[in-house]
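Undergrad: Protein chains in written order, with this note's numbering: chain X, 1 to 255; chain F, 256 to 846.
Hint data in this document are derived by calculation from the structure and do not stem from the laboratory.
We treat Cβ as the ideally placed atom computed from N, Cα and C, and that holds for glycine.
Some clues are possibly wrong.
Now the stretches of chain X that chain F is said to cover, found in silico as 3 or more residues with beta-carbon under 8 Å [what the hints assert, rightly or not]:
| hint | segment |
| --- | --- |
| 1 | 27-38 |
| 2 | 79-91 |
| 3 | 136-144 |
| 4 | 199-206 |
Subject to a maximum C-alpha distance of 25 Å in a straight line, what follows is the list of computed BS3-like cross-link-like pairs (lysine-lysine) [unchecked claim]:
| hint | chain 1 | residue 1 | chain 2 | residue 2 |
| --- | --- | --- | --- | --- |
| 5 | F | K354 | X | K160 |
| 6 | F | K408 | X | K160 |
| 7 | X | K241 | X | K222 |
| 8 | F | K472 | F | K569 |
| 9 | F | K845 | F | K794 |
| 10 | X | K241 | X | K114 |
| 11 | F | K472 | X | K100 |
| 12 | F | K408 | X | K217 |
| 13 | X | K217 | X | K247 |
| 14 | F | K472 | X | K60 |
| 15 | F | K366 | X | K160 |
| 16 | F | K794 | F | K748 |
| 17 | X | K160 | X | K247 |
| 18 | X | K60 | F | K755 |
| 19 | F | K748 | F | K472 |
| 20 | F | K366 | F | K354 |
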Amino acid sequence: MTATAEAPAKAGAVPSMTVTLKILRFDPDGLDGREPGSEYWEEFTVEAHATDRVLDALHKIKWDIDGTLAFRRSCAHGVCGSDAMRINARNRLACKTLLKDLNPARPITVEPIKGLPVEKDLIVDMEPFFASYREIMPFLMTSGPTPERERLQSPEDRAKFDDTTKCILCAACTTSCPVFWTDGQYFGPQAIVGAHRFIFDSRDEGEWDRLEILNDKAGVWKCRTAFNCTEACPRGIEVTKAISEVKRALTTGTV
Amino acid sequence: MATEHEFDVVIVGAGGAGMRAALESSQRAKTAVITKLYPTRSHTGAAQGGMAAALSNVEDDNAEWHTFDTIKGGDYLVDQDAAEILCNEAIDAVLDLEKMGLPFNRTPEGKVDQRRFGGHTRNHGEAAVRRACYAADRTGHMILQTLYQQCIKQEVEFFNEFYALDLILDGDPQAAGEDGEVSVSGVVAYSLASGEIHTFRAKSVIFATGGAGKVFKTTSNAHTLTGDGMGIALRAGIPLEDMEFFQFHPTGLAGLGILLSEAARGEGGILRNSEGERFMERYAPTIKDLAPRDMVARAMANEVREGRGCGPNKDYVLLDLTHLEPAHIDAKLPDITEFARTYLGVEPYTEPVPVFPTAHYAMGGIPTTVQGEVLRDNTHVVKGLYAAGECACVSVHGANRLGTNSLLDINVFGRRAGIAAAEYANATDAIPTLPADASAGLEQTVASLRATVRGDGTERVAQLRRELQETMDMNVQVFRTAESLAEAHAVVKDLQERYKNIAIHDRGTRFNTDLLEAIELGFLLELSEVVVAGAEARKESRGGHYREDFPTRDDENFMQHTMAYKRADGTVELDWKPVVVTRYQPMERKY
Chain X
1 MTATAEAPAK
11 AGAVPSMTVT
21 LKILRFDPDG
31 LDGREPGSEY
41 WEEFTVEAHA
51 TDRVLDALHK
61 IKWDIDGTLA
71 FRRSCAHGVC
81 GSDAMRINAR
91 NRLACKTLLK
101 DLNPARPITV
111 EPIKGLPVEK
121 DLIVDMEPFF
131 ASYREIMPFL
141 MTSGPTPERE
151 RLQSPEDRAK
161 FDDTTKCILC
171 AACTTSCPVF
181 WTDGQYFGPQ
191 AIVGAHRFIF
201 DSRDEGEWDR
211 LEILNDKAGV
221 WKCRTAFNCT
231 EACPRGIEVT
241 KAISEVKRAL
251 TTGTV
Chain F
256 MATEHEFDVV
266 IVGAGGAGMR
276 AALESSQRAK
286 TAVITKLYPT
296 RSHTGAAQGG
306 MAAALSNVED
316 DNAEWHTFDT
326 IKGGDYLVDQ
336 DAAEILCNEA
346 IDAVLDLEKM
356 GLPFNRTPEG
366 KVDQRRFGGH
376 TRNHGEAAVR
386 RACYAADRTG
396 HMILQTLYQQ
406 CIKQEVEFFN
416 EFYALDLILD
426 GDPQAAGEDG
436 EVSVSGVVAY
446 SLASGEIHTF
456 RAKSVIFATG
466 GAGKVFKTTS
476 NAHTLTGDGM
486 GIALRAGIPL
496 EDMEFFQFHP
506 TGLAGLGILL
516 SEAARGEGGI
526 LRNSEGERFM
536 ERYAPTIKDL
546 APRDMVARAM
556 ANEVREGRGC
566 GPNKDYVLLD
576 LTHLEPAHID
586 AKLPDITEFA
596 RTYLGVEPYT
606 EPVPVFPTAH
616 YAMGGIPTTV
626 QGEVLRDNTH
636 VVKGLYAAGE
646 CACVSVHGAN
656 RLGTNSLLDI
666 NVFGRRAGIA
676 AAEYANATDA
686 IPTLPADASA
696 GLEQTVASLR
706 ATVRGDGTER
716 VAQLRRELQE
726 TMDMNVQVFR
736 TAESLAEAHA
746 VVKDLQERYK
756 NIAIHDRGTR
766 FNTDLLEAIE
776 LGFLLELSEV
786 VVAGAEARKE
796 SRGGHYREDF
806 PTRDDENFMQ
816 HTMAYKRADG
826 TVELDWKPVV
836 VTRYQPMERK
846 Y
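Hey, can you work out the whole structure from these sequences and the hints?
TA: Have a look at this one:
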């Protein structure tokens, strides 16, 4: 339960510690006498280094203790967006959350992100999330003949949508949103971020098509500016600001 | 019973090469993309620094200089006809992405901006040239997102989290001989969500499955880069080319292997040893820190070996950005400086960043023609089968890939493979039928692995993988000798034996990632043997392959590609394939 730093650490060695992870599990198959679809908490204690991430601790459990534990991961350094999960009640990427930055004296709780159907343990069905992304037509729309060389864009115009190009579609923002949890229709913050990236791109001519979609009942007006999304974004995108820029465009009729 | 699907073209893998191929193929023929990850999780998204093309947007440049640099950078193991195509088509490849909406950084005039990168020079080596088109230090992310967005627009059909694990051909490629013919019939895949097996009949199949960096312990590669496509091809009797050539990227975060882009040096960053010396001045007097990656990685390892490493264990060197303006760092290198802060607690504005080489890129892979057609020997293709991207070897990277040439490779040869595969499909009358037992092999593999749960097996997948990665890091990294390779070879063979005695934990059907990790380890073990066997046979030093017992390049005996075949009895046999030379005769590689 408790974590103790091994002292004194020898020079250059990374201090090790004992951490307990309390994981919300979901068994779709109904193995070991459980009913299919059982949900239960399980605690695991592992030795870890202070520089380890939550993902490293999950791997230690999966690789050395219980291979049935299921979670998604790929790049392991915060750029692929596979391993968003709820860690100590906050949405984060497991590969970007260092154990030493959590309070190691208490068990670290790990749950699947909320608002999407759980498939197994920490894995959720991402399809509704990607469906919302597809809805906002996340691709450059232009008219007229295709130029021979590149379309010109000033560094200033390029900067207007830089923040929202960072999105890795991890769903940390959308699944931290209280409106998304309770309202089955709401697109969620990511879809608005995805739309923002094109609406404010000077090369794009589809901004009003997208704004019309976001003006819909499932769209941007559902946002209650809870700011959870901005806090949850592992890429540091100012999600609430992007949403307010979209709202302003709708109110003023200008992009 | 396996669920059967039929398509004209099936693409395996949804990184840059797979999606670039899909954009072409799906316009021309009924296409499916089978991918073990959601497309946006692919490791193309981790590429940082840029994509090379002689646009001449900021200074004089041309495709011929780029071609020369690519060939020299590859230490003359590059097929020069392929390099000419790569560099000539680079300009359109970048412009195509821009027209698709890719948000490149811009010059004051609004054109695509360009910056310096290792080994890319003006006029055959005179000085570094600004050739890398980029979007901050997340160019790969932008390429992956843009291609995915275009796939959404074109309504490309994806089978997400489907693991293609078997390739079905209508004959044995090793028995076909000079006059015989072998064609593709389809692939067999495992659905992660359901545990069900699906067969895909197809006229054309494109492998775009990425790399195999997880054969090493310290790597910039994702956990999912287990060389599946290369392993499937090898098992189907297709050779693998030049697998001993693995790139170790100089600047991995020390101890972690997380990539810090070469763009850091392109923007002015300097490597220093424990004496504060800019040691690259000794190794590459003209372009210094912007020498090709193999040379820089070796120089770093050498500094550490000679006692000039930094830190308490003297086991890394330092990447110094402290002389750069913080605003410049924020504008050009925001992600990688954040990695240093997050994972090492180092502030790059004021402190140099500990770095050491990290296994990064497989120059070798499934041999192909410049149309992406897969070769079953030195000259014959498997009809209907294509490969592109890191899993393929065309060979534009030779013995050492230049930075920014891989994002270029996936776009140029992904596009070519997509067009060629669709055109072949359209010229082929019927979708091949699969033999009745097409899925039997995979069904058997899955069933026998499930049966190991609580069985007699005593070996754990993770333990075998750790031992494999440790021996590969210890013995097959930047410096290699006959002894180190023999040691690795023995360990790999032993691990292959122990693999027969594994036990997994999860017998479930849904999202059984335990079972898939076991299958992936099987590929890693087979590919490691090919890497080591090739390295043992290549008694010379060239590009990323450095033999301390044979420290010079030997063009007389080894200016040729390695072709590794897996025989029916399980042994790996090596053959050679000539390098295509058009106009560049090998010369000494100085920078």
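Undergrad: Which of the listed hints are not met by the structure?
TA: The structure conflicts with no hint, since it agrees with every one listed earlier.
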